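Mind assembling these two chains? They're in different frames, but the hints should get you there.
Chains as they are written, first to last, in the numbering used here: chain L, 1292 to 1767; chain U, 89 to 200.
It should be emphasised that the hints constitute simulated quantities derived from the structure, not laboratory data.
Computed from a predicted model, the values in this text were never measured in an experiment.
C-beta atoms are modelled at their ideal positions from N, C-alpha and C, and glycine is treated no differently.
Take the hints with a grain of salt, since some may be wrong.
Restraint ranges, calculated between C-beta atoms of paired labels, are given here [unchecked claim]:
no., chain 1, residue 1, chain 2, residue 2, range
1, U, LYS140, L, PHE1418, 46 to 56 Å
2, L, ASP1605, U, LEU101, 26 to 36 Å
3, U, ILE111, L, ALA1610, 38 to 48 Å
4, L, ILE1649, U, THR119, 41 to 51 Å
5, L, PHE1488, U, THR119, 49 to 59 Å
6, U, GLY129, L, PHE1603, 21 to 31 Å
7, U, PHE143, L, PHE1475, 30 to 40 Å
8, U, PRO98, L, PHE1603, 29 to 39 Å
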Amino acid sequence: MSGPSALETFDRLRERFADGLREPQLRRLAFALLATGAGLAPLMAGSAQAALSKMPTDGADTLLMLIGSALVLLMTPGLAFFYGGFTRSKNVLNCMMMSFFLMGLIGVLWVVIGYSLSFGTGFQSPFIGGLEHFMLNGLGGPLGDGPLADGFAISSSSFALFQGMFAIITPALISGALVERISFKAWFWFCLLWSLFVYSPMAKMVWGGGFLGPFGQIGALDFAGGTVVHIASGVAALVAAAIIGPRTTWPDNKRPPHNVPFILLGAGLLWFGWFGFNGASMFASKTAGYPFLTTTTSASAALLTWCLLEWFKDGKPTAVGAATGAVAGLVGITPAAGFVYMPASLIIGALAALACFIAVRIKAAIQFDDSLDTFMVHGIGGTLGALLTGLFAEKALVPADYFPLSAKILEEGGNVGMFIAQLKAVVISYGFVALATAIILYILKAFMPLRVSAEEEERGLDFIAHGEEAYDPMIN
Amino acid sequence: MKMITAMIRPSKLDAVKDALVAIDVVGMTVTDARGFGRQKGQVERYRGTEFKVDFLPKLKVMLIIPDEKLDAVISAISTAARTGEIGDGKIFVSPVENAIRIRTGDSGVEAL
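Just chain U, same shape as in the assembly (with noise of 0.2 Å):
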């Protein structure tokens, strides 16, 4: 299994997914998240004053996926939330020793 954490931006949500749901990605767990990355902060000018605002608005979408669908979800993710421009975000992949669902004590990839 593998933990798929993806940073995109958060009007990139619905169209990622929905290509994951169009993979057969059974589910995701979304976090609002502030972050920076090459795009840097923005300059925001209130009164005249200005403010250097460093964090970013973000969502962070955390899903666990059988290995086989790796490529497949990589590929979901990337397509759906590009534009091509600074700050479209970043795919963090790593290793899951295991998954247990709470209701039934099922574990492994049964329990995703």
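The following block holds chain L by itself, in its conformation from the complex (with noise of 0.2 Å):
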């Protein structure tokens, strides 16, 4: 990755941004914003064809992917602190458990049919996979050392692995929206219904070769999951409180966050859970330093951007504020991580902040329940971070061979032209995820209560959900 130096790259991005604006372009996104709103966007016409070798497993590539794996495993348990720590004392094992107990749930719901509905090709469907790796059957080579596909040298097995660590964090994510009033049989059913009827598709039609992305229609990129992770879990997470309603203690009898520091801890261990998340979605060691290090310099501007905004605006930096903006950094810089070069990652750092730090303070004030604001982040620091993406992506890291119609649109119609694909992408993701997940809450509503009642939550969750008490009862 020597590309040309920090200065240079910069003012090339910041001429190509000013020359974008000016492009009679703009008057075309303009068409497509509405095009897309009708949800039948003008689709774009068959996807090229790829000419990649065939390579074998190499051992550092697969490293790679297991060091990934460990990374963003680590990252649902330090998503649970970080929830954790924003609940009231009575809830906060229930909060953990919503992320935690997923490591068992999707853990193996991923291995017997999930993976296989995600990458597979059998249903020969742009939006759904097969079944044909039931059980991980067919990974190749006898230990599942055979390599990915023709152009990867990493291991069939370690993607199916990375990829699972994926799934189990996004339906974790939603539960921010969710906590201290969903009923725990209902978090079960949802997340297995939705891990299969979301993600998968989800999936599916971003990364295994479907309908979104550069081997399908739209040709959009996302590098390791704003589409796929944040998008998806923050659209699901706003129409799934919309549905279940506001606590019952919102927004007259709020409690500020019982322990800051597990917000802290929970947030460095997203940050370092997340060099795997997106440094390893590069599936090559040679080059993944780079979206390490955009990954890492994304999540800093983002931390000081939220903290000067508090400063600026409040008079005083919060913790709660440094934790949350370098989260929101970290989203933004998902879909981008190896397609941008640095200076794009600060940029887009300090917007996803900036856009963030604007949702919460919108949310707050409109008193709508996203209890721990998992749309407010995830889903506009993934939007935004998409469409970034789109303006910022550069031609020599989108290989025509890997993204074959993602680099085509960059050629044809430069950085507003892969725009536009991004945002066509992003308003299939919201209409598709807020249908499906608002479809799957309707069917479980007529089977069970979704929440739980006003006296269990008075009681505590920790207690009515699972028998336990995470401190002296005294105290809650």
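Right, dumping it as structure tokens:
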């Protein structure tokens, strides 16, 4: 990745951004907005066929995936701490279990059928995989040690493992919007169905050679999960919070976070794990340094931005703000990490922090109970990141062999064309996830109450759902 | 005998304890407490949402003393716990009928 110097790159980015605004393409953008708004965007003509050569499995590349998998797994307990710190002390175990438990539920579901539905090809569909990898059958090689596919030197088992960690954390992110009132039974069934009918189709469409991705119809770029993970979880959180409703204590009897150090601990673990999330999504160890770099620079810029905004506006930078800003920056850079140079990562981080900062304040003002700001951070940050990926993607980092349609769009339409493709993917993702999430919840509602009773909410979900208390019950 | 109940700033505990030990007070009990007086509460802000925290952390120091030590104890606590700002706390004095040491059965001032 021996690109031009950072300053040159920055100048070039700035010029391109200014050029983009002058071009008549901006008018086309307005048209595209209208077209995609109707959900029936004129689809890009058929996908180009890639010419990737067969490669033997490489040890270093595969090791990157294994380390990456361990890092991403750690993000789920990290998220449990991040979220757990925000709740009341009588709900902290339930909140943390909503994440931690999924390492069991989705961990099993993924290897049984989730991977196959996400990355199989059996159904010949651009929207869903197949059943041929049931129980991780047919990975290639006696130990799944065969290469994943032409053009990839990582082993197929390491890929299936790595993707499983993403499948675990994505529904866990949704929990932030629903804590302190959703019943654990409803959460169990929601995550099971959502993973099969929302996450797997999203992964297929974006990464599995499906409709939205570079081998499909839209050609959108999503390096490590801006749409699949963050928009999907954010939009699902928004819809679910609207359907399930606010906590009985919201907004009149709200309480501050019960353990701010947990929030910092969780944010730290998330940041650490995100090196795997984005860095290992390069699937090649030699070039993984750059997404490792852009990941952390974006988070740094976002943390700084958030704290400066608070300092300026409220007079004090807060610990919760530093943690939230860092996460916003990590979310923002996720779709872009391997497609942009470092200066763009600073801009993406700063803008993600600004957008999420405004979003959480709007949420507070309109008193919508997305309790821990899942949509405001992951939805807004993911959307902004996805769109900025279009504006800042570098042709040199989007090779045509691996991203045929996206490279073609960049070649012909430049970054504005790429922005439009990203926008289409965002709109389609919002529509699909919102609709599918709502259907799942209404079906579940026919079989079980989605939330606990007001009395149970008052008692605290640690005892009601699990028969445990995190701390001495005297101090609840 | 008198019971002294002093509400103090948590940060003043060591100073109060040292001042009492210096005048030969032989025991005290400390409890975490939350409360407000003229100081009222404080406003905290998390992600831009304001939370009014009405009850501030204090420590409740309880000790039983012989009558003749009353003035010295009040003066020791007042001096040690004072910053001059609102929120320094209060001292309450009440009479005590009896005291019994459980181990020996001693009662009255002997038991202190």
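Looking back at the hints listed earlier, which ones does the structure fail to meet? none
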